[in-house]
Every structure is written in C-alpha cells, then in structure tokens.
Amino acid sequence: MFDLSGKTALVTGASGGIGAEIARGLHAAGASVGLSGTRQEPLEALAAELGERAHVLPCNLSDADAVEALPKQAAEAMGSVGILVNNAGITRDNLFMRMSDDEWAQVLEVNLTSAMRLSRGVLRGMMKARWGRIVNISSVVGSIGNPGQANYAAAKAGMAGMGKSLAYEVASRGITVNSVAPGFIETAMTSKLTDEQKAGLMVKIPAGRMGSAGEVAAAVVYLASPEAGYVTGATLHVNGGMAML
Amino acid sequence: MSDVADRVKKIVVEHLGVEEDKVTENASFIDDLGADSLDTVELVMAFEEEFGIEIPDDAAETIQTFGDAVKFIKEAS
Chain W
1 MFDLSGKTAL VTGASGGIGA EIARGLHAAG ASVGLSGTRQ EPLEALAAEL GERAHVLPCN
61 LSDADAVEAL PKQAAEAMGS VGILVNNAGI TRDNLFMRMS DDEWAQVLEV NLTSAMRLSR
121 GVLRGMMKAR WGRIVNISSV VGSIGNPGQA NYAAAKAGMA GMGKSLAYEV ASRGITVNSV
181 APGFIETAMT SKLTDEQKAG LMVKIPAGRM GSAGEVAAAV VYLASPEAGY VTGATLHVNG
241 GMAML
Chain A
1 MSDVADRVKK IVVEHLGVEE DKVTENASFI DDLGADSLDT VELVMAFEEE FGIEIPDDAA
61 ETIQTFGDAV KFIKEAS
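Listed in order, the protein sequences are those of chains W and A.
The first sequence runs 1 to 245 under full-length UniProt numbering.
The second sequence runs 1 to 77 under full-length UniProt numbering.
Among the clues, some could well be false.
FRET-style restraints, in silico, Cβ to Cβ [unchecked claim]:
#1 W:Glu169 / A:Lys74: 46 to 54 Å
#2 A:Glu54 / W:Gly174: 41 to 49 Å
#3 W:Gly79 / A:Lys10: 20 to 28 Å
#4 A:Asp57 / W:Glu227: 33 to 41 Å
#5 W:Gly6 / A:Glu19: 53 to 61 Å
#6 A:Gln64 / W:Ser212: 51 to 59 Å
#7 W:Gly174 / A:Glu19: 24 to 32 Å
#8 A:Gln64 / W:Leu245: 38 to 46 Å
#9 W:Ala171 / A:Glu61: 19 to 27 Å
#10 A:Glu61 / W:Met244: 43 to 51 Å
Pulled from the structure, derived: some chain W residues nowhere near chain A, Cβ distances all over 10 Å [stated by the list, open to error]:
#11 Glu49
#12 Gly51
#13 Phe96
#14 Ser100
#15 Ala153
#16 Ala154
#17 Arg173
Derived from the structure by calculation, the hints contain no laboratory data.
These figures come from a predicted structure and were not determined experimentally.
Note that the Cβ used here is the ideal one computed from N, Cα and C, for glycine as well.
Can you make the complete structure from the sequences, with help from the hints?
In structure tokens:
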C-alpha cells in the first residue's frame, strides 16, 4: 500500500515482538532496515528471515556511548537513516512508594533519553536530505497512567512532549516526528497475563480483544510513508478504543 | 576577497537564498539575511563539511555574522 522503496529505517528493540513486526512491515514496504536490539540471536534470526536489505546492529541503549555510535553504524550499513523508529523499551514496575531511584533512572534512560540521543544523531542526515521520519513508540499508559508504572508512564509521556517540540523545529525541513501509542498488544509480555486478568481487561476494550503487533506496525508504516508528510507532532492511538484520545 | 571568504559566501548565498551583495562583513545571518535559528545550525554544518573542520557548539554560538564565520574558519583551518 505504502511504498518505502529506497528508504532506510533504523528500528530499535527489533528483537522484541512489536519491534520485529515493525521491521517486517517497513521491509515489506521496500525499505532497508537496520535491526537494533540487545540480544544478537533474535536479530540474526530476523535478518535471515527478511533476507536482503536487513542489517543487524546490536546496541545496549543504556550505554550512552553505544547509543551515540548507533546512527553512524546504521548510516554506514545502509547509506543513510531516513526513518528512525524508537521502539525499544524496558519496564521496572513497582509501586510508586517503593520505586527506587535506579528503577526510575533505568527506565527513563532506555525509554526516553536513548530516543533523544538517537533522534539527535540521525537529524543531521535528515536535514541534509530534506526528508526524514521519526516515529516514537509510546504507550496508552503515557496518556492514562497505570498503577506500578510511574517510571514507564513518565518516559512514554515524555516521548510525546519531546516529539512535539522536535516536530516544531524540523517541520520546515521535510522531517516529521510522530508517536504511535499501542494499547494492549499480544506479545510475550502480555501472554503472561492470567485468564482472569485478561477478562478484566476486555471489559475496558470496546474492540473486545487485544491488538496484534502487526496492527502497530501498520501505523508505523503509514507514518513513515511519503503519504503521511503532512502529519507531524501527532500521536496515533492503536488501542481498540480503550482510550479515545 | 580571500578564497575562504568566497567559499563561505557561496554557502550562505545558496543556503539562505540571498543576493551576493547583501552578504557583507557585518551582515548578521539572523537579523540581516533572514536566517532562522535552524538555518544557523545548518550553515555551521555546511561550513564544517566544506572546510573539514569541527565547530563546537559554544564556538558556533559566537558566529553571528558573515565576518565572524570567515574569521573563525580561517583560524580553525
């Protein structure tokens, strides 16, 4: 539907369920993809599955130097980075009153600060090319909160504020910055929920089911496409109607 | 007019789309040549590439006019 032939995309967290599906979606639309993540094995497996136009770029996003280096490595592998998908995220859930400084800082570092560093790192090339797409994978939790996830929700809400500010600055250069905010998506993380927990959730989701990673990926492919050139600073909610924002 | 000044002027004219005779020694990129703050960042990037030098952020902030740019680049290269 959307044609990304000749485009180059760097996807963080590509070893995870949603990240891998985003990479598949961009690749299927014709883009070259740089697959970043902490675990090399799933990245290699995904690259093998995709075949041509896939590059494995392992990176630990809690290592500031490694994060600084990643955009350059990606540009060397693919020739440029026209699309950046900040998808990587970690959770360190705890009740607010028990949350340690470490739990707070780790989540902010990986989920928000690394997205800032990577965005900064790819902007020079995008400015010169007068074309760029930054898509931040946020979460419904960033808008509506979630008990036990003050750190995660703060990072995800922070992404939206950061993205909108950046969107202002670079809009005149043909660069858009948007967020995709998934609700409950079927992944390894949510498969651990009990039937009872799932039933409780379904009551809150008008669509009556969890979303698929592919449905998140489709939103990313759209925002990365030339057709979405007039959409910037937006958040596209993919949550089955759970929060109509 | 030195070679450096010519090359800087060419970049400024191309990037900001201004007339060459407007790019004088004391012409301010923002006040006289219509640059916005992002344009100044891009100009610095273009100078770095043209002359193969590194212009740190604190130095970039001191480059306000065409003359500033020529002077800085001459000293740095």
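Results of checking the hints against the structure:
no. : hint                           : result
1   : W:Glu169 / A:Lys74: 46 to 54 Å : violated, 31 Å
2   : A:Glu54 / W:Gly174: 41 to 49 Å : violated, 26 Å
3   : W:Gly79 / A:Lys10: 20 to 28 Å  : holds, 27 Å
4   : A:Asp57 / W:Glu227: 33 to 41 Å : holds, 36 Å
5   : W:Gly6 / A:Glu19: 53 to 61 Å   : violated, 36 Å
6   : A:Gln64 / W:Ser212: 51 to 59 Å : holds, 53 Å
7   : W:Gly174 / A:Glu19: 24 to 32 Å : holds, 26 Å
8   : A:Gln64 / W:Leu245: 38 to 46 Å : holds, 43 Å
9   : W:Ala171 / A:Glu61: 19 to 27 Å : holds, 23 Å
10  : A:Glu61 / W:Met244: 43 to 51 Å : holds, 45 Å
11  : Glu49                          : holds, 38 Å
12  : Gly51                          : holds, 35 Å
13  : Phe96                          : holds, 37 Å
14  : Ser100                         : holds, 34 Å
15  : Ala153                         : holds, 31 Å
16  : Ala154                         : holds, 28 Å
17  : Arg173                         : violated, 7 Å
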